[in-house]
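Colleague: For the record, the sequence lines run as chains A and B. This note's numbering numbers the first residue of the first sequence as 55 and each following residue consecutively. This note's numbering numbers the first residue of the second sequence as 3 and each following residue consecutively.
Hints should not be assumed to be uniformly reliable.
No farther apart than 35 Å at their CA atoms in a straight line, the calculated lysine-lysine pairs in the DSBU-like style are these [claimed, not checked]:
hint: 1; chain 1: A; residue 1: K267; chain 2: B; residue 2: K189
hint: 2; chain 1: A; residue 1: K68; chain 2: B; residue 2: K116
hint: 3; chain 1: A; residue 1: K267; chain 2: A; residue 2: K68
hint: 4; chain 1: B; residue 1: K116; chain 2: A; residue 2: K240
hint: 5; chain 1: A; residue 1: K63; chain 2: B; residue 2: K157
hint: 6; chain 1: B; residue 1: K157; chain 2: A; residue 2: K196
hint: 7; chain 1: A; residue 1: K267; chain 2: B; residue 2: K116
hint: 8; chain 1: A; residue 1: K68; chain 2: B; residue 2: K189
Ranges of calculated distance between the beta carbons of each label pair, as one might list FRET restraints [stated by the list, open to error]:
hint: 9; chain 1: B; residue 1: W42; chain 2: A; residue 2: G77; range: 48 to 56 Å
hint: 10; chain 1: A; residue 1: K189; chain 2: B; residue 2: N217; range: 48 to 56 Å
hint: 11; chain 1: A; residue 1: T307; chain 2: B; residue 2: L191; range: 49 to 57 Å
hint: 12; chain 1: B; residue 1: P168; chain 2: A; residue 2: G95; range: 52 to 60 Å
hint: 13; chain 1: B; residue 1: V163; chain 2: A; residue 2: T112; range: 56 to 64 Å
hint: 14; chain 1: A; residue 1: S238; chain 2: B; residue 2: V149; range: 55 to 63 Å
hint: 15; chain 1: A; residue 1: G220; chain 2: B; residue 2: R45; range: 27 to 35 Å
hint: 16; chain 1: A; residue 1: S238; chain 2: B; residue 2: G113; range: 24 to 32 Å
It should be emphasised that the hints constitute simulated quantities derived from the structure, not laboratory data. Here a beta-carbon is modelled for each residue, glycine too, at the ideal position from N, C-alpha and C.
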Amino acid sequence: MPETVIEAKGLIKKYGDLEAVAGIDLEVRAGEIFGFLGPNGAGKSTTISMLCTLLTPTAGVARVAGIDVVHDPAAVRQRIGLVFQDPSLDDQLTGRENLEFHAFVYSVPAQDRRRRIDEMLDLLQLADRAASQVKTYSGGMKRRLEIARGMLHQPQILFLDEPTLGLDPQTRKSIWTHLNELRSTKGVTIFMTTHYMDEAEYCDRIAIIDRGKIVALGTPEELKGLVGGDVVTITSTKPDAAESEIIKLLGVTPVRDNGSLRMEVPDGKAFVPRLVRELEAPVDTVSLRRPSLDDVFLKLTGRVIRDEEVSARDRNRAMASRWMGRRR
Amino acid sequence: MSVETASPPLMTVQAAPVDTRMASLRAIYIIWYRDILRYWRDRWRLVASLAQPLLFLLVFGSGLSSSLGGAFGRGTGISYIQFMYPGIIGMSILFSAIFGAMSIVWDREFGFLKEVLVAPIDRWAVAVGKALGGTTQAMIQGLILLVLAPFVGVKLSLLTVVELVPLAAVLAFGLASFGVAIASMMKSLQGFQVVMNFLMMPMFFLSGALFPLTNLPGWMTWLTRLDPASYGIDPIRRVVLSNSGLPNVNSLGLTINGQVLAIPMEAAIMLAFGAVLLGVAVVMFERRD
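Bound-form chain B, shown alone (with noise of 0.2 Å):
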């Protein structure tokens, strides 16, 4: 009945060496994989995500532009809708990408999670397979949204499209992190709604997506060059924009001190704000038990 052997290990393992690079390599790939797969097959959630972004393009900026009259961006040329659309595109990413890598805290409320983590791979290749995953999603969602460039007036370039590329994926690498971060140390779908409104909408407000972010109250001016977006969304729209004949919109650009950033300082910043928000997320992973 009981174990009265005090042997040493009863067998030798013959082990079949696993290669640990190549395993969280491959690992990563099939955790991506999953989200494109998932993302793919589910229609419905695609079409329900570009619905958002034509009501604010169509309601809210038809709106706000017919008040505004010609009083938006003085002597730039551009038109409200014209600045709000890139804004728009920003905001899908923003979205999506926090919307995907979050798609953790579903796995965990249905069981997937529990498969992943008792397998044996490294933990930091599940919060990077998962941030690529979401960031993959972002970009495409973004940028099915060139789409609507005719119809806002915005003329598109194959230029344009290669120095999007690069940029959206900047962008949602660095939201993607943050929503793999904030989903590591979320345990049930009960904080999804907190993080909703005190997080994603209050980034969404404060990234320049809906309004050029100079001349603000002091306080706002802070908030805003705190927010990760506004460096991923200032960029997007200077590309857009600028390609389209409006090079004036720099005028419009995020500045700090007065100084206008440049595109490869914004997306430094954006890509910083990313790895260090990944980093969070795999030591929050490492130490779950």
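Just chain A, with the same shape it has in the complex (with noise of 0.2 Å):
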């Protein structure tokens, strides 16, 4: 089994009375990507900040790249990448000068600084507008620049706080394919937030965070696993009467979401037609599929990652690319 990189023990973050992170217990292994997935303000960001040493945690213990994040941070920080969920780029400067800024203060040997510096910009593709100021490029390219940056001082760990938060779907995918080649060529290990679910499907292992709390651990499969079979969904203009036939009849009890009733069972194929069979109450639509990431957050939690304001702009951006053309 490959070696342990962070390991977390009883990790808690309080403010006040307060409990940010009430309890994290997590191993993550080298070359894994794994992902930190939850709904805003369940304190994926309290945990990574803790991880990475910005944070001191109000008790437990972390160790990152085998070293204790409370007992030597500085030596942590020059182990590990990171890629802050906020814009942290002089865009004054040029996307090289600010590589050259980074790997001064993470004492890059002189010798090698400047072909650090151009294998990255090759990798993450940014070598053709290197020399522009950064004001000129687009959100992904700039996202694809701290990603450089965080690697340029061949970080054992690269953290990522919501790497693809606010990117159009096409930049959020070439993010991800550069994650995966760098964990490929460089071998580095790469623990990342998100709270979009279609997301921690590309990660190896995920942890389903809510209310300060791991929910769940595994890889995508196991969680979606631990969905009993398929999922059914029907909308009804008499809902109540819906669901009282369809516990009364079916022996099933549905989850509402959004005036929509969501069912776990076995063998969806078969029970679709028992259900439009047996109910009285109207069915307007029906729909049968497997269980994704959001059905695991539902049963776990009772509630659905609510992320409508990201996503309508996600919607929005998306359009106006395909109306634009692809910002370069």
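Assembly of the complex is requested from the two constituent chains, each provided in isolation within its own frame, with the hints serving as guidance.
Modeller: Written as structure tokens, this is what we have:
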């Protein structure tokens, strides 16, 4: 089994009475892409900040790259790369100059500086724009430059806090391609937070966090296995009547979500015809699908991750980029 | 799902030992270099920051000269505009040193400070790098104004420039350290206007840039002697004007208890002020989470 590069035990962060992180245990192995998934305010950023030594834990232990984060934060920082949620580039400088600054403050040996900067610019496909000021970059390019910067001092672990937030779907996809490439060529371990369920599927393992606690941890397939079989969702003009009929006639307890009724059944293909036949309440739409991580989250917490605002913005951006061509 | 093994550190760390002293020096250098690069790139700011001194000299200086007539500087042979000119050099240094150092607040606002503060470098190096960046910008900004000397009837010599560089550096360093110290206590750009109105403007008015600090009301004499900029601007004026053949300027010099201070003494006071304020800035930086 590969060595453990991140280890946390009983990690707690309190702000007064508020427990932002309420006791987290986890282990991340070398070379993994580990996703930290949860809604806004679940404690994702607080946890990642403690692992990156930016916040001191109220209680508990965390070792990153074998080093205690409280005991020797500087040694931890030398061994990790960071990509923050908010932009942290100097947009008056060029892409190359931003990387040079980083190489200096992270003590990259002088004879390696140029070679490593060129290599990272190539890997993240920024070489042709390296001499332009960052203020002329698109959102996706800035993110790529931050990833290149985070990798410059050859960290064992790259931490990314919501790296794809606010990017259009195409750009999000390309960021993922790059992360996978970095993992395979550099062997770096990647620890990231996200609240996009579809993205979490790209991770090797996921921890689902809610209200400061890990509620499930495993591969995406394992987690989806927690939901029994298929997911059937119906909408009805009389949801209350439909709900009680389903419970009475079919022996399944549906979960209400935004006016629709969602249920887990072992064999969806056989269930749907029965449902339509036996229900007296009107059924407007029926959908049948394999479980997604949304369903897992709903099952574990009784809630869905809501990010309508973000999704609406994403849709607009996607539409805009379809009309205007790719920004470059 | 949970961590079951209560194991000790799970891997040995092959630490590539980094010489921390060298790391700090490198950090100071690159932080300084970034500031110079940005300063150089922002030509508009360079031009804009020359506009204000020019406005002061041309409008304020000429206007006041003509209303004062020969009443200024009784028997010293110094005209008001000649008196004011080194003061404007000082003003230029004052504003650019403080503004330059306070760019930390902008860095915080736009996120770049995070990149600096999470780096495995000592915090004191960040404060020192910023102070030196502000010092250099302010020095250049002040020394550029020497090109105006012929227009105000001040003769320049090589000696003037040679003597002026260290004095400009000392003034710039003191005020840049002051700027870093203020910036280290400010969380957002909101307090900026307050700093401008309640610190920088009084500092400028009381510094002797615009009028001699002699024969003032008692309370004002006190305030002018408490203004650190006074100790930086006076030696600049004495060097510029006396090398230009106006030796009587010393009679307008900064006094304490009626004694004119020696230039090295003034420089030492300015340097000490800068050192103390830089110390404050370092402590403030080390404290931040």
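Colleague: All hints, please: hold or fail.
Modeller: Now the hints, each set against the structure:
no., hint, in the structure
1, K267/A / K189/B, "holds, 31 Å"
2, K68/A / K116/B, "holds, 23 Å"
3, K267/A / K68/A, "holds, 13 Å"
4, K116/B / K240/A, "holds, 25 Å"
5, K63/A / K157/B, "violated, 73 Å"
6, K157/B / K196/A, "violated, 52 Å"
7, K267/A / K116/B, "holds, 27 Å"
8, K68/A / K189/B, "holds, 23 Å"
9, W42/B / G77/A: 48 to 56 Å, "holds, 52 Å"
10, K189/A / N217/B: 48 to 56 Å, "holds, 53 Å"
11, T307/A / L191/B: 49 to 57 Å, "holds, 54 Å"
12, P168/B / G95/A: 52 to 60 Å, "holds, 55 Å"
13, V163/B / T112/A: 56 to 64 Å, "holds, 59 Å"
14, S238/A / V149/B: 55 to 63 Å, "holds, 59 Å"
15, G220/A / R45/B: 27 to 35 Å, "holds, 32 Å"
16, S238/A / G113/B: 24 to 32 Å, "holds, 30 Å"
Against the hints set out earlier in the document, violations occur for numbers 5 and 6.
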